[in-house]
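J.: Here is how the chains run, residue by residue.
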Amino acid sequence: MSKYILGISAFYHDSAACIIKDNVIIAAAQEERFSRKKHDPRFPFNAINYCLEEAFIEPEEIELICFYDNPLLTWDRVVKNAVMVGEAGLDVFQKALPSVLGIKVWVEDYVKKALGTLNENQKILYSGHHASHAASAFFPSPFKEAAIITVDGVGEWSTTTIGYGNDTSMEILSEINYPHSLGLLYSAFTYYCGFRVNSGEYKLMGLAPYGKPKYVDLILDNLIDLKEDGSYILNMDYFGYLESLTTTNDNFHRLFEGPPRQPESRITQREMDLAASIQRVIEIAVIRIGKTAQKLTGSKNLVMAGGVALNCVANGKLQKEKIFDNIWVQPAAGDAGGALGAALIGAHLHYKIPRNPMVEKGKDSQSGSLLGPKFSDQEIKAFLDRNDYPYGEMPDPKEKYQVLASHLDEGKIIGFFAGRMEFGPRALGARSIIGDARNAAMQSKMNLKIKYRESFRPFAPSVLEEDCQKYFDFDEASPYMLMVAPVHKDRLKNLDNKREETDNLIELINEERSDIPAVTHVDYSARIQTVNGEYNKPYFDLISAFKETTDSSVIVNTSFNVRGEPIVCTPNDAYVCLMRTEMDILVLENFILYKEKQPEFIDKLNWKDTYELD
Amino acid sequence: MNSTKDSEKRIEAFFKKYILPLHQEVKDGKRSHFQLVPDRTAAKDSYFEKPKAKELTYFTFYEMSSEEELKDNLIKLWEVLGDRQIDELAASLAALASHFKAKQIEQSDELNPYIYAMF
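Sequences listed follow chains A and B, in order. Under this note's numbering, the residue at position 190 of the first sequence is numbered 190, and the numbers go up by one with no gaps. Under this note's numbering, the residue at position 35 of the second sequence is numbered 35, and the numbers go up by one with no gaps.
In case anyone wonders, no lab produced these hints; they're calculated from the structure. Note that the structure is predicted; figures quoted are calculated from it, not measured.
20 Å max Cα-Cα, derived EDC-like pairs, lysine to aspartate or glutamate:
(1) K37(A) / E106(B)
(2) K445(A) / E596(A)
(3) K5(B) / D91(A)
(4) K17(B) / D87(B)
(5) K30(B) / E87(A)
(6) K352(A) / E55(B)
(7) K95(A) / E110(B)
(8) K112(A) / E69(B)
(9) K123(A) / E63(B)
(10) K30(B) / D83(B)
(11) K101(B) / E108(A)
(12) K95(A) / E12(B)
(13) K123(A) / E67(B)
(14) K123(A) / D72(B)
(15) K76(B) / E108(A)
(16) K123(A) / E60(A)
(17) K44(B) / D221(A)
(18) K112(A) / E63(B)
(19) K16(B) / E243(A)
(20) K17(B) / D91(A)
(21) K3(A) / D22(A)
(22) K37(A) / D109(B)
(23) K295(A) / D45(B)
(24) K30(B) / E88(B)
(25) K16(B) / D91(A)
(26) K113(A) / E106(B)
(27) K50(B) / E228(A)
(28) K50(B) / D229(A)
(29) K398(A) / E589(A)
(30) K227(A) / D45(B)
(31) K227(A) / D39(B)
(32) K3(A) / E60(A)
(33) K76(B) / E63(B)
(34) K54(B) / E171(A)
(35) K71(B) / E108(A)
(36) K101(B) / E63(B)
(37) K44(B) / D225(A)
(38) K295(A) / E49(B)
With these hints in hand, go ahead and build the complete structure from the sequences.
T.: Laid out in structure tokens, this is it:
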């Protein structure tokens with residue numbers, strides 16, 4: 001008889017739920033998509049409800065509930081941290097304890113509230129935090145066996161692990177523990193450069209190519225002792241997080257000769273150089289850890305998860321080293337993916353259920369990470385009619401994609417809403433804002449008029465898998481947008497431009513660097529998503545139609561949201577996003593809405609205040 | 001005394017009674033839970049460690065819905081970790097947990113913008 005297993009992650013970063021049936025992932029979603037609160041850390045009641053609906057089961061049909069970490073071990077860390085710090089830690093201890101003791105340890109109560117009750121056969125399995133990450137990376141991967149690397153800020157005690165997975169087994173071989181953490185080191189620089197910790201790390205990575213890595217030696221000589229095997233110890237004299245609620249301290253600020261940048265103030269060359277430096281250090285560390293993982297396991301395959309595995313620049317560098325023949329990164333590499341990993345631990349380590357048969361074909365079982373809610377044409381039509389929103393219908397797919405391709409060619413920006421929502425932080429063509437990558441004004445327009453975010457932030461290309469090598473120096477599939485690689489040299493422009501050290505970001509951004517300028521970052525790299533018809537047919541058909549129309553098989557893909565807002569989930573979320581921005585067109589499955597034809601939109605929220613800047 | 005003050009007092013009392021004496025052991029060099037600074041002079045090739053306990057690394061089953069169960073689980077945890085000497089904290093921590101549970105604290109939907117969420 002089939003076993004339904006519910007996986008839950010909660011209380012720290014991106015809460016999420018997932019449900020699997022034996023070895024098949026039925027559904028997975030982050031709570032933020034339903035609550036509309038970005039990175040919502042609260043218990044994922046909405047996501048659990050969605051998973052039960054998608055699986056079409058009652059709560060009592062769940063065989064096992066798996067929680068993605070062990071709250072007692074976190075408790076142990078909080079206590080021992082206080083013991084190490086003494087009097088200076090009282091303030092943090094007082095702030096941490098009500099939350100740790102009053103909420104995070106009572107998982108069972110929350111589960112009962114979510115499911116109504118627990119019957120006597122329903123148990124809660126608590127998996128190790130990094131074991132959950134490791135399981136989320138290995139079990140859905142296309143590999144029968146693989147080395148496993150997990151790197152994040154901290155989960156319980158662990159911050160970095162190396163492991164090995166083989167069939168239904170998995171072993172963690174080595175680890176680094178709190179307070180020593182590459183994730184926390186990166187977060188310290190995120191904070192110091194004036195971005196929000198827990199969400200601004202991606203910005204720091206985007207800023208790095210604008211700078212010079214002039215502080216690398218300073219970091220390696222003072223902040224971190226990085227061994228040849230990739231293991232490391234931080235020098236806690238420079239960090240504040242043992243005894244305060246800030247990541248860095250005065251020693252850190254003295255070392256880099258100044259206070260942290262104020263959020264939203266002008267970004268200077270200093271921040272760019274700091275970003276470039278810490279990015280380089282992370283890349284060195286990840287490559288060394290990769291070499292050690294290969295040495296320890298002897299495997300040609302590598303899988304990765306944990307928040308640092310979302311650093312697609314480091315992933316690209318690791319791939320280029322060719323330490324492994326194949327690399328697969330869990331698309332929901334952060335804590336949300338822990339829900340999936342926990343459920344898979346329940347399936348494979350506890351119940352010993354065989355792996356998903358896709359692995360026999362050398363394919364992953366993540367289903368393109370399209371594991372969230374879908375809305376039917378009937379539901380969308382009812383929504384549009386109920387609200388009297390003017391729309392057109394395009395039931396013929398060929399005609400639909402031709403029309404959309406023409407609009408993209410005209411420079412229009414389209415909100416594309418099709419199929420099941422993505423699980424994980426990246427929009428992969430189900431909830432995406434798209435545009436023409438050849439259009440030199442597209443990056444600036446999308447950043448400032450659609451996303452309302454900093455102009456330096458790059459956009460990613462979606463490219464037909466079969467054409468990837470025509471555009472990029474990259475010969476692998478990258479369906480989850482987790483690899484960065486150089487734009488093909490034949491497409492580059494203005495290579496001879498001499499870049500003086502400048503604080504003028506706009507000047508750098510507006511430089512046309514290739515014939516796909518909207519997705520070519522300042523260092524001539526791109527964060528690639530390869531698209532094939534198997535994972536995401538509508539998106540593949542759309543890009544194919546664009547290719548027929550323009551002979552270009554690359555489009556810009558950015559997440560369907562504005563800055564600080566979670567990616568849209570429902571047709572209503574998408575419509576509101578259309579009306580709040582200067583997007584031109586919204587496509588909801590087979591319906592098309594032109595912004596110019598919509599009635600005046602009276603916003604019930606002052607959304608720029610509602611969504612905090614990320 | 002309002003309830004927030006009461007909670008702060010309870011935590012402070014716990015801190016003084018249990019944490020500070022253990023911290024004194026740290027100061028006296030009799031206890032350490034982690035290294036604070038690198039020792040670059042040491043002839044050490046690697047900082048990697050083996051996982052401490054298999055059952056804590058992969059998965060475990062807990063029943064944790066009462067103060068008593070919490071206390072028992074904590075004692076078991078410290079037994080597995082080889083920290084029996086801090087067993088005496090378990091009852092007080094479980095009592096604190098029970099106190100905060102009764103207050104029905106709601107988790108904020110905000111993440112602190114200055115520090116990685118880790119507590």
